[in-house]
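Note that the protein sequences, when read in sequence, are chains A and B.
Per numbering that gives the first Met the number 0: the first sequence = residues 0 to 178.
Per numbering that gives the first Met the number 0: the second sequence = residues 0 to 313.
Certain hints may be false.
Stated by the list, open to error - According to the in silico footprint, chain B covers these stretches of chain A (three or more CB under 8 Å from chain B):
| id | segment |
| --- | --- |
| 1 | 88-99 |
| 2 | 112-125 |
| 3 | 133-147 |
| 4 | 151-159 |
To be verified - Partner residues are not named here, just some residues of chain A that face chain B (Cβ under 10 Å, in silico):
| id | residue |
| --- | --- |
| 5 | MET10 |
| 6 | LYS13 |
| 7 | HIS30 |
| 8 | GLY31 |
| 9 | ILE34 |
| 10 | LYS37 |
| 11 | GLY76 |
| 12 | LEU78 |
| 13 | ASP83 |
| 14 | LEU109 |
| 15 | SER165 |
| 16 | ARG167 |
No lab work stands behind these hints: they were computed from the structure.
Every value quoted in this text rests on a predicted model; they were computed, and no experiment measured them.
Using N, Cα and C, we set each Cβ at its ideal position, and we do this for glycine too.
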Amino acid sequence: MKAGIYLGPPMGPKGLVRTLLWLAVLGTLAHGAVIFPKRADLVAARRRLESYSDALEKETPGDAPREWSLSERAILGRLRLIADSGATSAIAPTDVLRLLEDALPDRVALVEVSFEASAARPSLTLDARAERAEDVTTLQEAIASSPLVSATELLSERRTRVGVLSVRLKVDLVGERRP
Amino acid sequence: MRSMRLVAVVLGFGLANLALLFGERNLSREKRAIDVRLSRLSEEVERARRASDRRRGLEELVSLAATRVNAGQLGIAPIRERLLAAERGIDVERLSLEFRPASGLGEGVEGSQIHSSLRGTLLGVHAYLDRIEALHLPLVTDAVTWRSDSGRLTVTIRGSVRFNASTEPPAPPEFSPAEVEALEAWLDRGRAPRLGRDLFSFRMASSVPVPERGSEKRPEILEDAPEAPIAATGVEPPASVPAVPVLAGFVLARPELEPDVARRVLAVLRFEDQPHLVKLGDRVGGYVVEDIVARESVTLANAETGERIVLRLP
């Protein structure tokens, strides 16, 4: 006995042509389904290309940018000097006085302040007189809370003969000096 | 006959499929070419936009700087005069400046180390520092010391200033976006508010009425001060007894910095509330400058009587 799958009667030439016809129709439809979105993409890409060309024309108009006038060139030259000097990132002396004014308690008076800005890290050394030890702590805390300050250190503290505390405080400031 | 028609239809569909296949390939090729052009164009557009933004930012910076910076020629003499003019009308009784050459600043750039010393009240000294900062010079402070001494402050400042070697404006330099931003912030920085208390005294300044911040009247001459020329000579003597000028300080410059050697030691005399920068032979009020001993004294001679007066720093 022959085993196998029955596929129906053998296909005649008509059946073959019909099958080919179906395949051709299906192939055309499939191609159409692929090409249609591709064509739409292409149209969109062409439009985008046009808009980019327009934008480029707008951003780079035919003529070169306006020449700087003589006075503008002088200002630009000055700005270059300012930028190179490091002045823009430096802590100004009035900022130091403002920091001290904000931090100094009523019963503390400064004697000498040294602001060293040229070191790798700017710093302050304060010599001050205080009536009470708590005032020194308040001063140290107030200075440390400033955004300009990175660290404080009490270098010395001694009581003078007249009963006033004499203190020396080192304050490291934030920021680094440009070379 | 029918079969032939069917075959023709099949062939027609086959050809149509072939045409579609070629069409699709062409579409894909064109799409790829457009994509390449698009990415190149978008880069160009982005680059052009960035350049245009940078240029616009730089133009805004220049117009801001035009209102804040005096772009006149810088050099030892103009800087010296601006630093002196800023002292006018405030409580600073002594001001000395010393210029030393600075080196290694780059091609076409010159500079000078400035050592200055001030003596006056805290408010006077603060106002002076504020005025100098408001000049927006290429000046950077290296060190400052404030020392209290019997109710007055002595301030020593060490700093440096840069200027172009040539008098011609240089070719427009390039600025990075970060530099433009930093310069804008620096130029836009407001003036320092007046101090509300004497930091060098236990006594609160508020025991004396202190004006509210922002409402206080600033000392005269602010931005305009540096523009005002300092009279060096030719001040007419008062009609009656000639008032005697007061020695306010000295300006010292190394000869290599000052082409006019005769001017390398100058004295600052205050006369009728105005600072006068003088050299030997200059006349202030009814007096002629006879001798200048740097950092020490100035000898004046009365132009009419010949009487000599030695002025010393307070």
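Status of each hint after checking the structure:
1. 88-99: holds (count 10)
2. 112-125: holds (count 6)
3. 133-147: violated (count 0)
4. 151-159: It is violated: at least three residues are needed, and the segment 151-159 of chain A offers just 0 whose Cβ sits closer than 8 Å to chain B.
5. MET10: Check failed: Cβ of A/MET10 comes no nearer than 14 Å to chain B, outside 10 Å.
6. LYS13: holds (6 Å)
7. HIS30: holds (4 Å)
8. GLY31: Because about 7 Å separates A/GLY31 from the closest Cβ in chain B, which is inside the 10 Å limit, the hint holds.
9. ILE34: Because about 5 Å separates A/ILE34 from the closest Cβ in chain B, which is inside the 10 Å limit, the hint holds.
10. LYS37: holds (5 Å)
11. GLY76: For A/GLY76, the interface hint holds, since the closest Cβ of chain B sits about 4 Å away, which is under 10 Å.
12. LEU78: holds (6 Å)
13. ASP83: Interface hint status for A/ASP83: holds (7 Å vs cutoff 10 Å).
14. LEU109: holds (5 Å)
15. SER165: violated (13 Å)
16. ARG167: violated (14 Å)
Hint check: violations occur at hints 3, 4, 5, 15, 16; the rest are consistent with the structure.
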